[in-house]
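Spelled out from the first residue to the last, the chains are:
2 protein chains.
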Amino acid sequence: MEGSIRCSANYVPVTPISFLERAAVAYRDNISVVFGDITYTWAQTHQRCIKLASSISQLGVCLSPRHVVAVLAPNVPAMYELHFAVPMSGAVLCTLNTRHDSEMVSTLLKQTEAKLVFVYYQLLDIAQAALEILSKTTTTTTTKLPLLVLISECGHPSPPHAKGTLTYEDLIAKGTLEFEVRRPKDELDPITISSTSGTTANPKSVIYSHRGVYLNALVSIILNEMRSMPVYLWCVPMFHCNGWCIPWSIAAQGGTNVCLSSVTAEAIFDNIFRHKVTHMGGAPTILNMIINSPLRKPLSGKVAVMTGGAPPPPDVIFKMENLGFNVTHAYGSTEAYGPAAINAWKPEWDNQPRDAKAKLKTRQGVRHVGMEDLDVKDPHTMKSVPADAKTIGEVMFRGNTVMCGYLKNLKATQEAFKGGWFRSGDMGVKHPDGYIELRDRSKDTIICGGESVSSIELEAVIFSHPAVFEASVVGRPDDYWGETPCAFVKLKEGCSATADEIILFCQNRLPPFMAPRTVLFADLPKTSTGKTQKFLLREKAKAMGSFFKKNISSL
Amino acid sequence: MEGSIRCSANYVPVTPISFLERAAVAYRDNISVVFGDITYTWAQTHQRCIKLASSISQLGVCLSPRHVVAVLAPNVPAMYELHFAVPMSGAVLCTLNTRHDSEMVSTLLKQTEAKLVFVYYQLLDIAQAALEILSKTTTTTTTKLPLLVLISECGHPSPPHAKGTLTYEDLIAKGTLEFEVRRPKDELDPITISSTSGTTANPKSVIYSHRGVYLNALVSIILNEMRSMPVYLWCVPMFHCNGWCIPWSIAAQGGTNVCLSSVTAEAIFDNIFRHKVTHMGGAPTILNMIINSPLRKPLSGKVAVMTGGAPPPPDVIFKMENLGFNVTHAYGSTEAYGPAAINAWKPEWDNQPRDAKAKLKTRQGVRHVGMEDLDVKDPHTMKSVPADAKTIGEVMFRGNTVMCGYLKNLKATQEAFKGGWFRSGDMGVKHPDGYIELRDRSKDTIICGGESVSSIELEAVIFSHPAVFEASVVGRPDDYWGETPCAFVKLKEGCSATADEIILFCQNRLPPFMAPRTVLFADLPKTSTGKTQKFLLREKAKAMGSFFKKNISSL
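Residue numbers (full-length UniProt numbering), protein chains in the order written: chain A, 1 to 555; chain B, 1 to 555.
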């Protein structure tokens, strides 16, 4: 419009770096990060990040914007700081999964062409082995191996390490506060890369932008109903979707990041009471660990917990709330910067009986306020499914908090965005009120004699058996039925149940075709983010061969 | 980065229209707007807005994007709906100050080239007289007068009006839900226009963008610490900075907008108790009205109040908090979409004595989380003033929540943005902790014998006198001193004080040169947003002539 100007007074590419700069003033003396006996204030975190950024930019690794700096570390203070310092140096942060093996780490370092890799001392062997592999597979002499920077144990002298190895604290000590922080020229410039969480065997590297992170960090404050200066307990690994973008939310609100050396029920309860935790997040596995811990005790103040990654069984939600946790169920993916949908609670649901309430909370819900659109669609016609709670379609979403794409995999990006929506691969239904509910990932749905069996539904029923600690259901190949449901069950300590009891329990609660034909008792293999690795269970089920052939055909 | 794509799956121009669409699903049956006996749900508000947008776009007024639709109405439900419906029709909403006279309304209608003007029935005379003026000054036959749409009293039959006059409810009734909502092609496209609040005689028309409004609405949720479904009491006029962008925040959180027919202490207390209000906003005048009302009573639940527009006197804050209000002090301007800075409270301030606490809260504070930068600078060199709480400079800010510019006044826009910052015209200091504090608007500072007297400081002292209801200080011309402080004071009902008593009271509490030389008892002229119109007081002071000449020179 006539009279308008676009200039630095009224237009700035958005970046979460500005949250840290503000926190250093508004929350200067508030605790930013606590880890055991180590604490920093926001003024300190800000200064450490500037100095680290200055050192990174001066390392002579020919770092230019869009060059990658990788990190292999758990949720320690250094991991938090790198979420600011690397973008402030002008580079892109690649967070590596701490459960990756050397092979995978070397693959990702190669794919991202990382110039630097920060490594926590406990993971040094993995990283060194990865560099070893990389040095063998890198043929051209011009390609340099990434420089390794050691992150020592917080507050302890460095462990013995090869002379000349750079250390994290050295870089900070050598840095200067005079450094001019580098900001994105375009807010769609990349800020981080992380690999999908590994429910498939082939992780893809997802690119996030400054814009997406900025918006998602603001929205996460709202979704988590965080007031200023929240105290956040870190159970979600920061390498996973950058901890749902919450590292940046906490800076925006001047809160306290409580880091854990290991995520155990003991550490969780201990830190909640010690630091007056207000918020946390975690996969349903973490929730399950909490409610089954002998150390569990009612909280003295409410703790808001956001859970996601898998639909939480109703029983888990109910028990968590009994302890004083306030559970919010979010649904998303690495491609959505973490959450895409949220189970926004309706006041009229308050009057429902306990079980109905918990079941309502297992719905994935509606798009969050930063996501533009969320729908369940026929993946071929792209038409919305009717809101009848029955017709299954693919869950799709679109908006500014959807990834830029998969690094160096344009084909995969194009496939994921085909039709102008992100195709999640998850199958679900839409309720008459517009809320969506997952039925399964497309490949997790078991097709038994032409009928779809939702593994999620079946798992929730098995889980409600009093002796069951965890359950996961996959399809077992079958000559007659195609597939039959096969349940892997872990029992609670000191409890017992037979396969037949579990099957009967399900038959009494579900249409008969949905009950498992096979029940195996075992520990469930997990990804580092607490998701059950169904592809491993599927391999086991496959190896057992046809249920029909072995059990029925001989009759 | 290689592998990235920008498409509708991951990039959408941001617009607050999406908040309403989400509220219609997530908060479908929650009350969106309440006004006396009238209530709407979010599903209803959404449908009414779509229908209204469809009718607006079909009115044959040659409406295209960037055409202006004006509204002259108080905070009634129609005013709220127009904040969505006009942008959804593809047009730009111009909110007119309800205290403007016909002359000013006609000037603004002409300046904005409004095609339509929605008028609340109580303001019909003003609007019709404005159109009358406009028809006389519009010479070319091609320029059509804006079409008038009557907003009748809610829930009442239309008052008698000329046959053929369009009414608001008719437009909604005739609209269709099939209408395809128009979205901005570029998020920097204009969404609203509002005039500056009139502390000067020449209001300028400020343009807001979809991007600025979207960001500011999200940030306002965070600043006001709104959980989902807040209940917001409307005391800030929506025509003023679009109610600090809070109409859109409430939609984003699925809250309830409580509209008032008139802003009185009685209506405020009545509605707070009736609707369980959680949040409200208002100029210090509103707060003053609340604490001095004989109807005041302690609240049953906390109500968060954001105040701004003028620095609240410490005593007002203290008394409000005693009643159960939680006061947050924000500072901004029409050019900043409302707030630019916020007095982010520091935990260590909790232990300060009562008066020190209230005084700390009168500081303007730090930039809010959506503003990029806020500083106090020498307006000539553009250098930051030292953070010494003494050196006065001009308050400047920049970021995405700064206006696009002044409509058809490129020169004014360029001046306001000179040096790449928005120059507020307010003078202030920076404290050692980085918090800013206003000393005055540049033209409100009184220069008495070469010494600067802050009218704000002097007003706060006069205000603390037990008999004083309100006070405003301006410079009175003086042949000897240049200017001397002249105080206009309104006393509380039933209280008395003499000019000499007030002067002595100030002399006992301030350096002698700061005490007023003249004290006059009078009602203070106010703008519609509760700011004292100092230019009127300045004219009065000027008319009195030199204090020195009249009082001293004769000695």
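Please note that the accuracy of each hint is not assured.
[As the list claims (entries may be wrong)] Simulated crosslink set (BS3-like; lysine-lysine; CA at most 27 Å straight-line):
1) K443/A - K346/A
2) K110/B - K297/B
3) K377/A - K297/B
4) K276/A - K346/B
5) K408/A - K204/A
6) K346/B - K302/A
7) K383/A - K302/A
8) K185/A - K418/B
9) K490/B - K418/B
10) K540/B - K346/A
11) K377/B - K185/A
12) K346/B - K383/A
13) K443/A - K418/A
14) K540/B - K302/A
15) K302/B - K276/A
16) K110/B - K411/B
17) K276/A - K185/B
18) K174/A - K204/A
FYI, nobody ran anything at the bench for these hints, they're computed from the structure.
Note that the structure is predicted; figures quoted are calculated from it, not measured.
Hints and how they fare:
1. K443/A - K346/A: The given pair, whose Cα atoms are some 32 Å apart, is violated under the 27 Å limit.
2. K110/B - K297/B: 47 Å, violated
3. K377/A - K297/B: 54 Å, violated
4. K276/A - K346/B: 17 Å, holds
5. K408/A - K204/A: Answer holds: K408/A to K204/A is near 9 Å, not above 27 Å.
6. K346/B - K302/A: At roughly 22 Å apart (the allowed maximum being 27 Å), K302/A and K346/B satisfy the hint.
7. K383/A - K302/A: 42 Å, violated
8. K185/A - K418/B: 22 Å, holds
9. K490/B - K418/B: Between K490/B and K418/B the Cα gap is close to 39 Å, so the pair fails against 27 Å, i.e. violated.
10. K540/B - K346/A: Answer violated: K540/B to K346/A is near 57 Å, above 27 Å.
11. K377/B - K185/A: The hint holds at about 25 Å.
12. K346/B - K383/A: At roughly 52 Å apart (the allowed maximum being 27 Å), K383/A and K346/B break the hint.
13. K443/A - K418/A: 19 Å, holds
14. K540/B - K302/A: Not OK: K540/B and K302/A at ~58 Å, beyond 27 Å, violated.
15. K302/B - K276/A: 22 Å, holds
16. K110/B - K411/B: Status holds; Cα separation ~19 Å.
17. K276/A - K185/B: 46 Å, violated
18. K174/A - K204/A: With Cα atoms ~35 Å apart, K174/A and K204/A exceed 27 Å; violated.
Violation of the numbered hints given earlier is confined to hints 1, 2, 3, 7, 9, 10, 12, 14, 17 and 18; the remaining hints are satisfied by the structure.
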